[in-house]
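Line by line, the protein sequences are chains A and B.
Counting in my numbering, the first sequence runs from 1 upward without gaps.
Counting in my numbering, the second sequence runs from 1 upward without gaps.
Please keep in mind that the hints were generated in silico from the structure rather than gathered at the bench.
16 Å max Cα-Cα, derived EDC-like pairs, lysine to aspartate or glutamate:
id: 1; chain 1: B; residue 1: Lys94; chain 2: B; residue 2: Asp139
id: 2; chain 1: B; residue 1: Lys120; chain 2: A; residue 2: Glu97
id: 3; chain 1: A; residue 1: Lys71; chain 2: A; residue 2: Glu97
id: 4; chain 1: A; residue 1: Lys71; chain 2: B; residue 2: Glu117
id: 5; chain 1: A; residue 1: Lys71; chain 2: A; residue 2: Glu96
id: 6; chain 1: A; residue 1: Lys235; chain 2: A; residue 2: Glu273
Each chain, letter by letter, is given below.
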Amino acid sequence: MISRVFIANRGEIALRILRTCRRLGLGTVLGASSADLDSLPARLADRTLCIGGPRSSDSYLNVAAVVHAAKASGCDAVHPGYGFLSERAVLARAVEEAGLTFIGPTAEQIDAVGDKLKAREAAIAADVPVVPGGAIDDAPAAMALARRIGAPLLVKAVGGGGGRGMKRVERLEDLPTSLELAAAEAGAAFGDARVYLERYVARGRHVEVQVLGDGEGAVIHLGERDCSVQRRYQKLIEETPAPHLPAALRDGLQEAAVRFARSLRYRGAGTVEFLLDADRGEFYFLEMNARIQVEHPVTEAVTGIDLVERQIAIASGLGLSLRQADLPLHGHAIECRINAEDPAADFRPSPGTITRADWPAGEGIRVDTHVQAGARVPPFYDSLVAKIIAHGPDRAAALARLERALAATRLEGIATNLAFQASLLDDPAFAAGGVDTGWLARRQGT
Amino acid sequence: MSLTAADVAEILKLLESSSFDTLDLEIGATKLSLRRGGAGPVPGAAPAASRTTGAAPAPRAGAAAPAPPTSPPAALRGDEVTAPLLGTFYRAPKPGAPPFVEVGSRVEPDTVIAIIEVMKLMNTVRAGRAGRVTEILVDDGALVEYGQPLLRLAAP
Numbered sequence: 001m002i003s004r005v006f007i008a009n010r011g012e013i014a015l016r017i018l019r020t021c022r023r024l025g026l027g028t029v030l031g032a033s034s035a036d037l038d039s040l041p042a043r044l045a046d047r048t049l050c051i052g053g054p055r056s057s058d059s060y061l062n063v064a065a066v067v068h069a070a071k072a073s074g075c076d077a078v079h080p081g082y083g084f085l086s087e088r089a090v091l092a093r094a095v096e097e098a099g100l101t102f103i104g105p106t107a108e109q110i111d112a113v114g115d116k117l118k119a120r121e122a123a124i125a126a127d128v129p130v131v132p133g134g135a136i137d138d139a140p141a142a143m144a145l146a147r148r149i150g151a152p153l154l155v156k157a158v159g160g161g162g163g164r165g166m167k168r169v170e171r172l173e174d175l176p177t178s179l180e181l182a183a184a185e186a187g188a189a190f191g192d193a194r195v196y197l198e199r200y201v202a203r204g205r206h207v208e209v210q211v212l213g214d215g216e217g218a219v220i221h222l223g224e225r226d227c228s229v230q231r232r233y234q235k236l237i238e239e240t241p242a243p244h245l246p247a248a249l250r251d252g253l254q255e256a257a258v259r260f261a262r263s264l265r266y267r268g269a270g271t272v273e274f275l276l277d278a279d280r281g282e283f284y285f286l287e288m289n290a291r292i293q294v295e296h297p298v299t300e301a302v303t304g305i306d307l308v309e310r311q312i313a314i315a316s317g318l319g320l321s322l323r324q325a326d327l328p329l330h331g332h333a334i335e336c337r338i339n340a341e342d343p344a345a346d347f348r349p350s351p352g353t354i355t356r357a358d359w360p361a362g363e364g365i366r367v368d369t370h371v372q373a374g375a376r377v378p379p380f381y382d383s384l385v386a387k388i389i390a391h392g393p394d395r396a397a398a399l400a401r402l403e404r405a406l407a408a409t410r411l412e413g414i415a416t417n418l419a420f421q422a423s424l425l426d427d428p429a430f431a432a433g434g435v436d437t438g439w440l441a442r443r444q445g446t
Numbered sequence: 001m002s003l004t005a006a007d008v009a010e011i012l013k014l015l016e017s018s019s020f021d022t023l024d025l026e027i028g029a030t031k032l033s034l035r036r037g038g039a040g041p042v043p044g045a046a047p048a049a050s051r052t053t054g055a056a057p058a059p060r061a062g063a064a065a066p067a068p069p070t071s072p073p074a075a076l077r078g079d080e081v082t083a084p085l086l087g088t089f090y091r092a093p094k095p096g097a098p099p100f101v102e103v104g105s106r107v108e109p110d111t112v113i114a115i116i117e118v119m120k121l122m123n124t125v126r127a128g129r130a131g132r133v134t135e136i137l138v139d140d141g142a143l144v145e146y147g148q149p150l151l152r153l154a155a156p
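Using the sequences provided together with the hints, build the complete structure.
Right, dumping it as structure tokens:
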């Protein structure tokens, strides 16, 4: 059994994990960088160990420091959160080799889904539809494949994510240049210069399915999330259920996600991402994220399930203790990400000290944040400072609550995207529901 | 070990002349929290977290972040030599061997003062400057955090 959890992360997710651990009566040790020792999670954890300097590579990405700190502080499990080391098989392996429990999938499963080409092959093997495209060996082969797929198409990094190493090719004659650029970017960002080609879906929606697996082959889903409001492939607003999906399409997505995770005998919480072709009414497997997601609270809102608690239970060998039939979904939930970035300056990150932080409260409102007045937003990490989530009996109710919640929020001392997010919620296209991933860029005229 | 009023005055002067806004110092059971501009201590601060962070003030967006060295030598702060990484602190090269340094030892910048073991990797820690060891602050075999004071040096 798990009695003390080492939290190998920072920010809102570290605090969120800490709160569930505390509710479950588990001890907590936080591994923090020297830039985060004053942070709320560092002050609230039973114990905080400084695992390295401010730069992620010295601290949050330092596998040896994390595992050593976890073991030396008497923890019996490690929760990696999202980002950082959460999807590095090397951490999962090192944790298990140290005799501790990794709260997440097996190292093999992380490897299997972390390589996008392998994941694509696994999807095909599990009878899950994939976007037309494939691996490329050299430039002539790439051109031949590109002709079969047709323009426009995407060049994507095999080890990538978050849009880095991704290039859109409008005309086939631009392919060689884009291949070089994408490979160079992928090599620099992920240490893996391999790229592959994929059809570009003009009006696609990003719809993902939350799954839980017991590691023995039992898998359930907890509904889908629509994360189509994105800026440069960064999600800004997420909601569940996905608006205006025909029932057959929704069922098809959920069943495909379960089929995929079951084929891996997936252990823990994971998310299977799909590209929904709004024009064709088809969906394609994109990738699987082998971790808790930033946007998991909307799923928690409509299911009433604490996903971190489920992760810990599965890691403890308690299995799912949930059946698909026991999982009715209630109402609608929408989340806005509040980032320390300046919309007036091309969304440039805006680190600094927060001088005022008033968070909303009320029926159906949840705020996941690690910042209060006086908190510092260090320049070393991503700019997420809070997630504001509204839940209501239907989409209109959830949206109205979220709009009121954003209007009640005050954040001063740093620039944030708060007003920008409010303007998106207020947009008739968003209010109507079902926008595609290109909506925001078209709206911004970029 | 306790702080005298003169010590505190000296520390205040150091903070005054530095670019830092806050200083948290923990020596054994003694804790000292200093804030520039008269702000009170952080309420509910856990003891483990209330200590000197060494973090530079956040630079403006667009400015290059101050890049700490990836594999720093033992960091120096005041008269202390601090741990360049988290791990298990060993005063001697192997069990039963004489310690690298004792109170009173003279050290040069490249003198090895300890080993910090991380996941079976032994990392030597050097003094970083010349001096005389006046106090060893960590027990052999203890877990040390990044930035934790290991020993104190006096001018040679």
